[in-house]
Structures are given as C-alpha cells and as structure tokens.
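K.L.:
What follows is each chain in one-letter form.
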Amino acid sequence: MIALADLDIQYDKRIEFNQGVLIEHLIKIDKVKVDSPSTYSPKLNELNSYTIDTNSDTLIDSQDLTDIQKQLLEIKRDSLYEVVRSSIKWADENSVQKPTDDVFDRGFTLLKSLAEKNIFPDRMSPSIEEGLCLNFRINDLVIYLELYNDGEIGYLTENVKNKKIIENEDLNSILEFIERIEEIFNS
Amino acid sequence: MKFPKCLEKRNRKNIQEKFLLFFNYMFARHKPYSQWLPEDEYPDFSQIRTNQSFNWSVFSTPIWTRFNNQRQYLKDHGVIGYKVKTIRNTSKYDPQFDDDTFLLKHKPDENNYSHCELYLNKKITHSQKRKIRITFKNECIKSYKPLENPPKKRKIIFGYILMYFHRLIFNTVVLFKNFRLNKTRTIKIND
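As they're listed, the protein sequences go chains A and B. Its first residue numbered 1, the first sequence is counted upward by one per residue in the numbering used here. Its first residue numbered 1, the second sequence is counted upward by one per residue in the numbering used here.
Mixed in with the good hints there might be a few duds.
Claimed, not checked - Ranges of calculated distance between the beta carbons of each label pair, as one might list FRET restraints:
id, chain 1, residue 1, chain 2, residue 2, range
1, A, D150, B, D40, 19 to 29 Å
2, B, K152, A, N172, 25 to 35 Å
3, A, D92, B, P4, 21 to 31 Å
4, B, R71, A, S173, 45 to 55 Å
5, A, E152, B, K107, 23 to 33 Å
6, A, N159, B, Q72, 31 to 41 Å
7, B, N69, A, K164, 30 to 40 Å
8, A, E182, B, P4, 36 to 46 Å
9, B, Q72, A, E176, 28 to 38 Å
10, B, Y73, A, K117, 43 to 53 Å
As the list claims (entries may be wrong) - Keeping only pairs whose Cα atoms sit at most 30 Å apart, straight-line, the calculated DSS-like set for lysine-lysine is:
id, chain 1, residue 1, chain 2, residue 2
11, A, K89, B, K137
12, B, K107, A, K89
13, B, K83, A, K164
14, A, K89, B, K131
15, B, K5, A, K161
16, B, K183, A, K163
17, B, K142, A, K89
18, B, K107, B, K129
19, A, K164, B, K129
20, A, K89, B, K31
21, A, K164, B, K92
22, B, K129, A, K163
23, A, K163, B, K152
24, B, K122, A, K163
25, B, K142, A, K117
26, B, K131, A, K164
27, B, K107, A, K164
28, B, K2, A, K164
29, B, K142, A, K161
30, B, K131, A, K112
31, B, K145, A, K163
32, A, K163, B, K105
33, B, K131, A, K163
34, B, K137, A, K163
35, A, K112, B, K122
36, B, K129, A, K161
37, A, K89, B, K85
38, B, K122, B, K5
39, A, K163, B, K142
40, A, K164, B, K13
Hints listed in this document are in silico derivations from the structure and should not be mistaken for laboratory results. Since this is a predicted model, take the numbers as computed values, not measurements. Even for Gly, the Cβ is constructed at its ideal location relative to N, Cα and C.
Generate the whole structure from the sequences, applying the supplied hints.
P.N.:
Written out as structure tokens, the structure is:
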C-alpha cells in the first residue's frame, strides 16, 4: 500500500475504483504467501494445457501503460491464469468443454486493450455456454461479456438494481466491444 | 444430515409433464466458489444453465437437493429454486420465444424420485440463451446460500411445509383428473 502511494496515480473514477481491487489483491497475495506460495500467480510452466502465455510478460511490459495500469493488468492476468488453471476440472464437473486456447488468447488481448483505457474486469470465469465470461461493473450496471469457443462474442448489460436488461448484443469483434464499453464508461 | 428414504424411487412411476404445476418449485444446487461465490446473493451468471437437473418441490424439500446420486450430503452447496411458471413462460421475456422453448420432464433416479430435467426443445442463439439465463438468475429464489451449514431449523421446517402443501395440491389435481377421465370413459361406454 505504501508503494502505491509513491506512484503517480491519475485519479479518474476507474483508477479510483480499481485501486480498491489492487489493495485487496495485495492483501490477498500476502495471505497466500504465508499459506502456500504456489496457489496464486501460477508459473507459466504449470499451465500444462495452455500454450500462448509466453506473450503475457511482453503484454505487461508495454510502454503504452502507466505503472498503475501495469500493476492492475498483472492482477487481472493472474486471475485469468487462475481461470486457465481451474478450467479443466471445472469443465469435467460440469460436463462441458473448457474455454479453448484461442478464447484465452483473445481474453489476454482484450485485457491489454482495456487496460490502456483504464478499464478492468471485476470477475473472469469459464462460462457454462462453453467459453469465457468477463464481468464489468459500473455503478448499477453490470456488463457480462462472453467469448465463446465457437468464435462468437456477445455481451449483456444489466441494471442490477431494477434487474432490467439494458442491452443484449452479438458482436463481430473484440474491437466493437472495446468501443462500446468505452462509451458506457464515458457516459 | 441423513438421507431421506422417501427420496428413493422404489418402483414409483414417472409423472406426466402436465402435473408439474405452475407454482411448483424446481430446486438446483450450486457448488461454492466455482459456481456461486459465498459473498454473492445468487449464483454467477456464467454458471446459470439452460439445461439443468432439478429436485421437484412436490417430492423434495430444498435441503434434500444437497444430496447427490450417491446419497452424499454436499453440505457447502447453495440451493436456488425456479418456479415452473418461470421456465415455461419464456414468451413473456421475449416475444421471439415460444412457450415450448424448454421441455421440463420428471425423470426419477434410483436415489432421487423428485429428479426433473430441463432440456432445450429448440436450437436458440447465444444471445437468446443469455437473455434466458439472466432472467432465470433474476427470477430464482434463494433457499440456501453456499457454506450455509448447519441450516436454520426454521428453514428446514418451512421446506417440509412447502413440500407437503405442494403434494396435497398435486394429489388433489391427480384425483380430479382421474375422476374426470373415468367419468368420460363411463359416458362413452354408456353411449
């Protein structure tokens, strides 16, 4: 937390929001370090079935990102690794296909692109519809983005307060989603 | 918790779909963390299925949904319930859907007579599935949260009351339908 104070943090609403996540994560890492160092932030070679992760460090080293963005992106990358790691067991338990390498690949790319815009998902999990689901929360709005194994992409925006569906769209590319979520964040 | 003997199938027959009454509940269990975070009110959207196994409220209390096919009591699992009406009236959420988008069938297992299965009757798009899944999520009732153990006695008793009340109405409906059927047969024979 002290280290955070030294960083040149630009306070916009997204950074402010994600700072909570960052602090929470640092505390979590501390706890995990005491219990079992290998349970969090799995090393690349532990991800047996996953082959594209060699790009992920260059993903974080990008010069387009500020220090705080890099740190947040690292947290989200670790969460995604966790999803990769647990998805085989999860798929077995639920009798569905696990998210494919291509889906995770697109997930990583999306994380990087969104990090540049100070947008970070709150939660990532394998989807029962066979793919990856990323949740973004902005006040009362929750956006559920699903990247499906069959290559399709779609998102649903819900107002969680009055349980109303605001949008439910299929998309042609991740770029379309980035544009749309930026609009939502800026509105 | 002991496995309830009355959940066994014991030569009992399958029940026709028409006897799954609109106000009956279908209970589903969700694994803690990977399907339902304990701090959340409901299971995660990404884990809501359009094909799902249920325990029917006429023959099961919500807490019995925690028993798996091997009679193991999964004490940490959360339990939610959908009304049959929610599952059947899909046209209410979107006029594009027909009311027969789903098939809900009573499919007893050896160790779970109340077992029902929800199937998709038609091929629908990812977008339509998302809409149905979020509606299911928003319309469900929460019976037991994950890690809610031991459950409150009051809740268990309420589960029994609900089951016997639903069974009473179910038996009345079956009696009434059988009576009408016999009456029609008698009239036909007399003619």
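K.L.:
Could you run down the list of hints and mark each one as holding or not?
P.N.:
To see whether the hints hold, each was checked on the structure:
Between D150/A and D40/B the beta carbons are some 28 Å apart, a value that agrees with the proposed interval 19 to 29 Å. Taking 25 to 35 Å as the suggested C-beta distance range, the pair K152/B and N172/A does not conform, at roughly 50 Å. Between D92/A and P4/B the CB atoms are about 29 Å apart, so this pair conforms to the stated range of 21 to 31 Å. Judged by the Cβ atoms, the range 45 to 55 Å given for R71/B and S173/A holds: they are separated by roughly 49 Å.
The hinted range of 23 to 33 Å is satisfied by E152/A and K107/B, whose Cβ atoms lie roughly 31 Å apart. Checked against the hint of 31 to 41 Å, the C-beta distance between N159/A and Q72/B comes to roughly 39 Å, which is consistent with it. About 38 Å separates the C-beta atoms of N69/B and K164/A, a value consistent with the hinted range of 30 to 40 Å. Checked against the given bound of 36 to 46 Å, the beta carbons of E182/A and P4/B, roughly 54 Å apart, lie outside it.
A beta carbon spacing of about 46 Å between Q72/B and E176/A contradicts the range 28 to 38 Å that was offered as a hint. One distance hint, 43 to 53 Å for the beta-carbon pair Y73/B and K117/A, holds here, with the actual separation near 48 Å. For the suggested pair K89/A and K137/B, the alpha carbons sit about 24 Å apart, so the restraint of at most 30 Å is met. Straight-line distance between C-alpha atoms of K107/B and K89/A comes to about 27 Å, which keeps the hinted pair within the 30 Å bound.
Of the supplied pair hints, the one linking K83/B and K164/A holds, its CA atoms being roughly 19 Å apart against a limit of 30 Å. A hinted pair counts as satisfied when its Cα atoms are at most 30 Å apart, and K89/A with K131/B qualifies at roughly 27 Å. At most 30 Å may separate the alpha-carbon atoms for a hinted pair to count; K5/B and K161/A exceed this at roughly 42 Å. In summary, the hint linking K183/B to K163/A is not supported, as the alpha carbons are separated by about 48 Å, beyond the 30 Å threshold.
Distance check on the hinted pair: K142/B and K89/A sit about 26 Å apart at the alpha-carbon level, within 30 Å; holds. Restraint check for K107/B and K129/B: satisfied, since their Cα atoms lie roughly 23 Å apart, inside the 30 Å limit. Annotation: proposed proximity of K164/A to K129/B holds, straight-line Cα distance about 16 Å (limit 30 Å). Restraint check: the Cα-Cα separation between K89/A and K31/B comes to about 13 Å, which is no more than 30 Å; the hinted pair holds.
Between K164/A and K92/B the alpha-carbon distance is near 14 Å, which keeps this suggested pair within the 30 Å criterion. Distance restraint check for K129/B and K163/A: the Cα-Cα separation of roughly 17 Å lies within the 30 Å cut-off, and the hinted pair is therefore satisfied. Distance check on the hinted pair: K163/A and K152/B sit about 28 Å apart at the alpha-carbon level, within 30 Å; holds. With a C-alpha separation of about 26 Å, the suggested pairing of K122/B with K163/A holds against the 30 Å cut-off.
Restraint check: the Cα-Cα separation between K142/B and K117/A comes to about 37 Å, which exceeds 30 Å; the hinted pair is violated. The straight-line distance between the Cα atoms of K131/B and K164/A is roughly 11 Å, inside the 30 Å bound, and the hint therefore holds. Among the hinted pairs, K107/B with K164/A is inconsistent with the structure: their alpha-carbon atoms are about 34 Å apart, more than 30 Å. With a C-alpha separation of about 41 Å, the suggested pair K2/B and K164/A falls outside the 30 Å cut-off, and the hint is violated.
For the hint pairing K142/B with K161/A, the CA-to-CA distance comes to about 17 Å; that is within 30 Å, so the pair holds. With a CA separation close to 28 Å, the supplied pair K131/B and K112/A stays within the 30 Å bound. Between K145/B and K163/A, the direct Cα distance comes to roughly 20 Å. Compliance with the 30 Å bound is thereby established for this hinted pair. Under the criterion of a C-alpha separation no larger than 30 Å, the hint pairing K163/A with K105/B is consistent with the structure, at around 29 Å.
Distance check on the hinted pair: K131/B and K163/A sit about 12 Å apart at the alpha-carbon level, within 30 Å; holds. In summary, the hint linking K137/B to K163/A is supported, as the alpha carbons are separated by about 10 Å, within the 30 Å threshold. With a C-alpha separation of about 38 Å, the suggested pair K112/A and K122/B falls outside the 30 Å cut-off, and the hint is violated. Of the pairs offered as hints, the one joining K129/B and K161/A holds, with about 22 Å between alpha carbons and a cut-off of 30 Å not exceeded.
A threshold of 30 Å between alpha carbons decides the hint, and for K89/A with K85/B the separation of about 34 Å lies outside it, so the pair is violated. A C-alpha spacing of about 36 Å is found between K122/B and K5/B, which places the hinted pair above 30 Å, so the restraint is violated. With a C-alpha separation of about 16 Å, the suggested pair K163/A and K142/B falls inside the 30 Å cut-off, and the hint holds. For the hint linking K164/A to K13/B, the alpha-carbon distance of about 41 Å lies beyond 30 Å, and the restraint is violated.
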